[in-house]
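Asks: Turn these sequences into a full structure, and let the hints guide you.
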Amino acid sequence: MNLPGARMQVRNARVEADMFRARAIIGFLLIVVCLGTLVSRYVFLQVYRGTEFSETSDKQRISVRSVAPSRGLIYDRNGVLLADNVAAFRLEIVPEAVEGGRKGMEHLLVELGDVVAISADDIERFRNARAKKKAFESVPLRLKLSEDEIARFSVNRWRFPGVEVVPYLTRAYPLGPLFTHAVGYVGRIDLNELVKLDPSVYAGATHIGKTGVERWYEDELHGAPGSETVEVGADGRVRKKLDYVSPTPGKNLYLSIDARLQRAAEDALGARLGAAVAIDPRNGEVLALVSEPDFDGNLFVNGIGQTDYTQLTQDPRKPLLTRAIAGGFIPGSTIKPYAAAAGLELGVRTPSDTVVSTGEYHIPGQARGYRDDFPAGRVDLKLALAWSVNTYFYSLAYEMGIDRFSGFLAKFGFGAKTGIDVAGEAVGVLPSAEWLRATRNQPWYAGYTVNVGFGQGFWVVTPIQLAHALTVIAAKGANRPPHVLRATQAGIGAPVQPVPLPMPGPNVGTRASTWKAIEEGIWLAVNGPPPSTVSGLGKEFPYAIAGKTGTAERFSRYDETWTSIATSSADRHQVLFECFTPAEDPRIAVVVALEAGHSGASDAAPIARKILDAWLKYDDDAPATAAGVAQQ
Numbered sequence: 001m002n003l004p005g006a007r008m009q010v011r012n013a014r015v016e017a018d019m020f021r022a023r024a025i026i027g028f029l030l031i032v033v034c035l036g037t038l039v040s041r042y043v044f045l046q047v048y049r050g051t052e053f054s055e056t057s058d059k060q061r062i063s064v065r066s067v068a069p070s071r072g073l074i075y076d077r078n079g080v081l082l083a084d085n086v087a088a089f090r091l092e093i094v095p096e097a098v099e100g101g102r103k104g105m106e107h108l109l110v111e112l113g114d115v116v117a118i119s120a121d122d123i124e125r126f127r128n129a130r131a132k133k134k135a136f137e138s139v140p141l142r143l144k145l146s147e148d149e150i151a152r153f154s155v156n157r158w159r160f161p162g163v164e165v166v167p168y169l170t171r172a173y174p175l176g177p178l179f180t181h182a183v184g185y186v187g188r189i190d191l192n193e194l195v196k197l198d199p200s201v202y203a204g205a206t207h208i209g210k211t212g213v214e215r216w217y218e219d220e221l222h223g224a225p226g227s228e229t230v231e232v233g234a235d236g237r238v239r240k241k242l243d244y245v246s247p248t249p250g251k252n253l254y255l256s257i258d259a260r261l262q263r264a265a266e267d268a269l270g271a272r273l274g275a276a277v278a279i280d281p282r283n284g285e286v287l288a289l290v291s292e293p294d295f296d297g298n299l300f301v302n303g304i305g306q307t308d309y310t311q312l313t314q315d316p317r318k319p320l321l322t323r324a325i326a327g328g329f330i331p332g333s334t335i336k337p338y339a340a341a342a343g344l345e346l347g348v349r350t351p352s353d354t355v356v357s358t359g360e361y362h363i364p365g366q367a368r369g370y371r372d373d374f375p376a377g378r379v380d381l382k383l384a385l386a387w388s389v390n391t392y393f394y395s396l397a398y399e400m401g402i403d404r405f406s407g408f409l410a411k412f413g414f415g416a417k418t419g420i421d422v423a424g425e426a427v428g429v430l431p432s433a434e435w436l437r438a439t440r441n442q443p444w445y446a447g448y449t450v451n452v453g454f455g456q457g458f459w460v461v462t463p464i465q466l467a468h469a470l471t472v473i474a475a476k477g478a479n480r481p482p483h484v485l486r487a488t489q490a491g492i493g494a495p496v497q498p499v500p501l502p503m504p505g506p507n508v509g510t511r512a513s514t515w516k517a518i519e520e521g522i523w524l525a526v527n528g529p530p531p532s533t534v535s536g537l538g539k540e541f542p543y544a545i546a547g548k549t550g551t552a553e554r555f556s557r558y559d560e561t562w563t564s565i566a567t568s569s570a571d572r573h574q575v576l577f578e579c580f581t582p583a584e585d586p587r588i589a590v591v592v593a594l595e596a597g598h599s600g601a602s603d604a605a606p607i608a609r610k611i612l613d614a615w616l617k618y619d620d621d622a623p624a625t626a627a628g629v630a631q632q
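The numbering of the sequence shown is the working numbering, which starts it at 1 and goes up by one.
Please keep in mind that the hints were generated in silico from the structure rather than gathered at the bench.
Owing to the predicted nature of the structure, the values given are computational and were not obtained by experimental measurement.
Don't take every hint at face value.
The calculated BS3-like cross-link candidates involving lysine-lysine, where the alpha carbons are at most 27 Å apart (straight line), are [said to hold, decoys possible]: (1) LYS133 with LYS240; (2) LYS417 with LYS539; (3) LYS516 with LYS539; (4) LYS144 with LYS240; (5) LYS417 with LYS318; (6) LYS196 with LYS241; (7) LYS516 with LYS476; (8) LYS196 with LYS103; (9) LYS610 with LYS539; (10) LYS144 with LYS241; (11) LYS144 with LYS133; (12) LYS318 with LYS411; (13) LYS103 with LYS134.
Replies: Next comes the structure, spelled out in structure tokens:
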């Protein structure tokens, strides 16, 4: 119902439609204008100024680079530096900054070779390393540039975008060949190692321990990498450092070896092929570890040249062989004290039991004879050791049998690694029936047992094994593993922390009479009258020396080999000598092993005496007063 006077309003559909159409047109035009403006701006930025902005972006790239830690130093027991880090310069390339892709890189390497000497080995190592890194990461091409090479490159620097001379620390061995076999050396990380290494640990690293202590203690010496965040240009050069996380340097190591005793042992060996080992029997610390011939480990640090490497590998004297821990020697009569310990501990013999030596021993029921050096007559253990009477040990081994014999001598560590903390140790051979079946599929005969009883036959020992076994006798059965690490240091100026001694092995034997009897015999070998094997060796030495010689025949005297091998008998034998002093309270045990010589008494024993003389002169822990004459 409409109220009186009200005015009715009628909608005009046409007017509303016109208004909507106008508004839509205006909105569409606004959208077109906005889109046009956006497209115009996009075209302007991408087409007209795209190159400029791209170059600006490349020039302001942020890169995170790994910083390699400085390697820990190595010292002898008195703080003499054995392995150092010295400043050097290397040539590095940022592959991403090299224009032209693969062809551009090849051209760059050729051009660089005209300025700085680059070998084929350098290029191969560069390519292998480049394959494992990102394009913006710097890759070493050539290490240890000379001053002249740095100067030539600096003049031509503008020609090589992405190439830079970078300072770094490189390994150096101040004493050269003297410690190479013991300390070892580092070398450039090769492709096989690169695949196995943890990238987070070895980021930025170029070197790794290859041999010796350097390899054994790689984890301690290497340290942990740091990082730096930098702004780099298109040519790979750093524009600005934005952040830096310091790397953790490797630990410094202090070895138990005395550099003075090491040099004395090397001088005593001279040009003889062989090894010398000195150990403190009270704790297993290695005082000297020498192998001859030696070589200079510095040659390997930044990549040994082909000429030098060929010379080393083709040298018939095998200078790369660490004879002290990996050289194989027939022990000869040096095995007799350990055979004696087996006989006494197993109850096969007593110290007073005697055997008659007529100059030849026969296994019951066999016609073949096993010779003695001379008919010694009736001898007990003491004289059998002093005079090195083979018959006594022929019969002892035969009575024990090979299983009991080898089983007990395994307690001294023969036929197994000693665990010395120097990489490259060999196992040797402890003869047994089981070993012969496993390696040669042959049965064991009684004659083999007789030969093994005096250190011939299938025996193979390393000088470190023999030295360790000798410390067991010197320590009266205590089994203290040999080791070279004495202390560590977190960094220069940090306190030097002694390392715990390795866990001792089980005692060898339980009878004090065993060690007393053996000590008496090997003391008499040095201090008794002839026919004691090294009579007079202890003359004018203030402490009693106990020792045993070994002359191992490598060639049979029963066929033509004996006369055809050499005109001189000095070339037919391996010769050894083992000793410790003071005999009643041993503080040093020495083993000398030579690959060729006339006898242990004439060749190896005098070398050991020179080492003992040096120990007396240099070792601060040597006894203050001379001990009295030992057992008579």
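Asks: So, for every hint listed, does it hold in this structure?
Replies: So, going through the hints one by one against the coordinates:
1. LYS133 with LYS240: 22 Å, holds
2. LYS417 with LYS539: Given that 27 Å is the threshold and the Cα spacing comes to 35 Å, the pair is violated.
3. LYS516 with LYS539: 23 Å, holds
4. LYS144 with LYS240: 26 Å, holds
5. LYS417 with LYS318: 22 Å, holds
6. LYS196 with LYS241: Answer violated: LYS196 to LYS241 is near 32 Å, above 27 Å.
7. LYS516 with LYS476: 8 Å, holds
8. LYS196 with LYS103: 30 Å, violated
9. LYS610 with LYS539: 12 Å, holds
10. LYS144 with LYS241: 25 Å, holds
11. LYS144 with LYS133: 22 Å, holds
12. LYS318 with LYS411: Given pair LYS318, LYS411 is violated - Cα atoms ~31 Å apart, limit 27 Å.
13. LYS103 with LYS134: 18 Å, holds
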